[in-house]
Structure formats: structure tokens, C-alpha cells
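If you read the protein sequences in the order shown, they are chains A and B.
Counting in the numbering used here, the first sequence runs from 40 upward without gaps.
Counting in the numbering used here, the second sequence runs from 52 upward without gaps.
Simulated from the structure, these hints should not be mistaken for lab results.
C-beta atoms are modelled at their ideal positions from N, C-alpha and C, and glycine is treated no differently.
Heads up, some of the hints might be wrong.
As the list claims (entries may be wrong) - Cβ pair distances, simulated, as ranges:
(1) A/130 - B/291: 43 to 51 Å
(2) A/130 - B/138: 52 to 60 Å
(3) A/140 - B/129: 30 to 38 Å
(4) B/94 - A/51: 53 to 61 Å
(5) B/138 - A/150: 30 to 38 Å
(6) B/163 - A/139: 39 to 47 Å
(7) A/127 - B/167: 55 to 63 Å
(8) B/72 - A/145: 33 to 41 Å
(9) B/167 - A/150: 49 to 57 Å
(10) A/52 - B/226: 50 to 58 Å
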Amino acid sequence: MNKRLPLGLACIMLVAPCALLVAFTHYPALRAILNSFWNNASSRRPSRFVGLENYQALLADDRLAQVLVNSTLYALGTVPLAIVLAICMALLVNAKLPGTALMRLSFFMPTMLPMIAVANIWLFFYAPGIGLASKILGIFGVAPINFLGRTDTSLASMMAVAVWKEAGLFMIFYLAALQAVPANLKDAARLEGAGPVRVFFDVVLPLLRPTTIFVAVNALINAFRLVDHVIVMTEGGPNNSSALLLYYIYTVTFGQRDFAYGATLTVLMVAILGVLAIFQFWILNRRAHYQ
Amino acid sequence: MTVSGVSLGVERLRKSWGNVEVLRGVDFGIEAGGFLTLLGPSGCGKSTALRLITGLDEVNGGSILIDGRDVTKLPAAERNIGMVFQNYALFPHMSVADNIGYGLKVRRVKRPARRASVARVAELMALGNLLDRKPAQLSGGQQQRVALARVLVSERPLVLMDEPLSNLDAKLRTEIRSEIKSLNKSLGITVVYVTHDQSEALSMSDTVVLMNRGTAVQLGTPEELYNAPASTFAAGFIGTPPMNLLAAEDVDLPEWLGAHGCARPSDLLLGVRPEKLSYPGQGMDVTAAGRVIDLEYEGDVFLVHIAARSGATFIMAYHGVDPPREGDEVIVGWDRKSTHLFSRDSGEAVPLGQ
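Next up, chain A with everything else stripped away, as it sits in the complex (with noise of 0.2 Å):
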């Protein structure tokens, strides 16, 4: 088994994927961080050192609050809301009923669906008066609402694109992991005289409690990485009330060609990232483990 590599050889596999990694990750990454520390350079002068300017800008940037702002909207209501919709559908297939089969293949849908594809679908269905969103307020006598071209309601219409988008691929986890609670747990806490609402939260939620830590670092991740559908649908607009930290981060950097303060937004963003993943396995990591 432990057949001796020779060295050199050895050196020359490591090569191929140390490489990419530096490429792609460690030099990037690296080299945001140094760019936050230099302004932009022009044709006229070069990039020069200006140590902590960029970060004070970002203590000034009126947009940039507001973006942090729908950013955590944006998390907060996406996050439970396909979680609790995930265990929903899941629960729904899971039981056995005629028709679970097709049933599955719809809800999986939207996640097999590009995002620019889900975005553009979503487009007719909020297109005032002639979309199915308009149609239905319509039926209950509601005057037809612009979702995507007011304040008030950009925000929510991309949330509810994520989270139609994103509750099918947790339901897959969730109908897995439901599949593999044991049967007799259910029949002893049923025995016991608990209804099937009791056996859901006394047996079976507490034993999925894993999947949805992972359901909830992805999401997590995912509300702040998939901006495609602000992109075509709104542009952040109207007046930044549907803007995303990483929407925010492509516009100042390939819109505006700022490259260093896109650096610095880019650090900012890694660093919240860090500190929230670092927090969700701390406090659900707790109780996670009993197996």
C-alpha cells in the first residue's frame, strides 16, 4: 500500500492543484486585501499607498448602509423562510400520499432552473396588471402593484424569487434526512400518546436539527453570493431599496471601475461572511451531536 512517492514526482502533483488554488483563491484574496490599502490608478499617476482611506469611506458611504441594510433583510427573510418552507414541502412528500412523485419534481423545479431564467419568470409574474402577481390581487379586488418599481415592495419580490428558487434543493436535504429518522422513535413517542404534531417537535425536528445546520450555513452563503435576479430584475433599484451587498460590490467595482474600493467593500463582505459562519456552528453546533 505505502508505496514511496519519489520526491520529485511528488513535488510536480503538488504543483498542478497548489497552483490553482493560489491562482484562483490565496492570490485574490490576498491581493484585495492589499488593493484596499492603495486608491486607484489613473493614466496620468500610478496606485499609491494610502493606508486606512478606503476604510474611512466606507464609515461615509450613505449607499453602503443602505445596502447593508436590505442585505440583512434580505438574510433574515430569506433564511427561515426557506428553511421553514423546505421542512414543509418535505414533510408533504415524505408522507404517503398518491401523486408524491410528481409532486417532488415540481418543487425540485425551480432549483434545477438557471437564475437568470427563474429571474426573467418572475418578471412576468410581477409585471403590473398582466402579471399572475397582478391577476391574483385582482381576483380579491386589490388594485394591480408595481412590486418591482417601488421602495416598498423591490426588496421583498427578490426575496420571494430566492426563496422560491432555493426551497426546493433544501427540501431534497430535508426528505433525507426525515427518511433516516428511525420509524420505532415515532412509534414509541405515539404509543406514548403524543399526536403527530408532539412527535414532530418532541422526535423528529430535534433529530434534523443537523441538516438544517447545513441548510442554514448554504442559505446563509446563498443570500449574500446569488445576486443574478437583482441584476436583471431590478438593478438594485428603484433608489437602492433592492441593492445587495454583493449587487453593490459589481456595480462600485465594474461599473464605476473602482477597484479599490471594491477591494475594500470585498474584505467587508469576506469578514461579515467569517463572523457569521463562525457564529452559526458555535451556537448550533451545541447541540447538534448525539449519534
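Once you have looked at the hints, place chain B on chain A.
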């Protein structure tokens, strides 16, 4: 703590899964405080019968009577039955105390009363210092005791156990076996116990129901099942090693068997328990000749495997100091009263003529 047990009766119980008939009309019953075992090979329907009694599955036919009352249509929670599951079914996220007290909590027993009940049962089952642990931190035997405690705390008059000892090592098995037995006797709880292990069934039960392919093939006390198997199946299932079944041509038929009225000898199988065989067997009521093909040493006994004339093998349990060697030609014999007769076609026992 005493619970007065209740009687249980099962009549013409039927259950099918799709086209597969798992139970084809099973009858059995046990009086209050008794210990009944459903014994049979895997797939015989014994666990299914247990689940029907609990109410976790619905019957397709027949009725279940607890304390004389028909509960066939009653939901599981209202039958007042406790159950010990094969893999214990402890809630992995709850402490031992919470596991034991779960049923009381569901039934809204106040916390102080709950604590007291849990403490009392934990004391009884020697779990007092483990109450804060999670099930994963317990040994198999301790987990089993928690499962028993969880059933006892609710003071159910009828407790069902589905192969509760199958995950334990041999030493613990005997230990918990006697614990269960003494709980049954001292607390007066009626126990219905499912196992595929015939020695467990014989040693613990008041009544054994031997099941095969969805029917109860024999019902009786352990002694009755051992001494008077009703069929070749019962003969082959009970006893370690099980009863030898020999064709008439392998045996030197005695006169009295020929005179036996109901069947020709060639239609019969002769059954005899390995421990009833004697060697050398010349001059005994029934004798058979054969060659020793294998010898198993079991401490107090040698299991001598013998090939009869037709090539069929049978086993003799030899207690002496000078067993025959492999390859020896031997003649073994046994008493007339140790002989069991079975019909070769139906496998049913044929009464031995006097």
C-alpha cells in the same frame, strides 16, 4: 409499585401487506399477569402481530381483547400498552431522565410528580446515577434498562417486547432475561414477548405460541412444546440442537411400531431428541446404526454427528467420558417413550400407540 396486569386475547387476527398475507388468522390469549411468548423464525408474522396489538398498524380482520374489552378499533395511545422496541427506540436528543419521563410529560403530569416517578423507576432499574446522560453515552445493557424503565414508569398493565435482547451479548442477555422475568412476577404486569430464540422462549414464558408462515402452529406451556411437539416444524424449532427426525428405513423398527395401527412405517418420521440417544445402544427399544462424521466438544457434552444408512445425518448429545471417534460405526438406541411419530406427508404428530 405494583400494577395489576390485564388479560389479552387475540382472535382470528389477519393482516396483509398488499398481496402478501402476513397473518392468516391467529388465535392466542394470556391471563392477567402472565408471560406469553410469540416464537418463530423471522418472517413468521410475530412482530406484525405485536404491532397490531399495540395499534401501530391496523388489522385486516379478527379482534383484539384487552381485559375482555374489544380494542381493535381503538387508537394506539388509548390502549394503555407499553412497548419495548428491538433497538430500544430511545430518543437520542433527550437525557435518560427525559426519555423515561417522556410519556408522563405528554400526559401532562406535573413536574414534581414526574421527577418522583422517574427517580423511583430509575432506582428500581439501577439507573439512578445515569439520569443526566444521553443514550449514546450508555452501554447496550444500560440502554435496554432505560427502555424498560420508560415502560415501567407509566405503570402499564400490559407490556409488549419485540426481541428486546437481540442486541446484547450473551452474558447481559441472561442477566436482563431474569430481570424481565422478575419484573413480570413481582409487579404483576402482563408481558407479551416476541423472540426467535427458542431457549429464551422456553426459559421465560408461561405460554408459548409457536408461529410459522402467519399461523400459530402450536400453543402451550414450554414443557408441552418441548415434550410434545405437534409437528415436525415444532420438533425442529425447539431444543438445541433440535429434535432428530429419522425416516423409518434408517431405524431398526421394533415390533410394537409395526403393530401401530394408523399408518405404515414408511409413512412415518421418527423423532427423538439428541439428549435421549444412548451409546452404545444395543438392546434398547429403538436402535439406529450409522457412522460418526463429526464430533463437537461443548464442555459437558459431545455433540456426535452421525450419518445414518440413507446418508441423512442426526445428532447425539453424549454425556459420557468415552465418546465414539470420527469414522466409527456405531449403534445408538433410545426408549420407546422418547419416540415421537410424525406423518411424513403432513408433518403432523401421530399419537404413539401404547
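Structure-based check of all given hints:
no., hint, in the structure
1, A/130 - B/291: 43 to 51 Å, "48 Å, holds"
2, A/130 - B/138: 52 to 60 Å, "24 Å, violated"
3, A/140 - B/129: 30 to 38 Å, "35 Å, holds"
4, B/94 - A/51: 53 to 61 Å, "58 Å, holds"
5, B/138 - A/150: 30 to 38 Å, "35 Å, holds"
6, B/163 - A/139: 39 to 47 Å, "46 Å, holds"
7, A/127 - B/167: 55 to 63 Å, "39 Å, violated"
8, B/72 - A/145: 33 to 41 Å, "37 Å, holds"
9, B/167 - A/150: 49 to 57 Å, "52 Å, holds"
10, A/52 - B/226: 50 to 58 Å, "57 Å, holds"
The structure fails hints 2, 7 (numbered hints given earlier, in ascending order).
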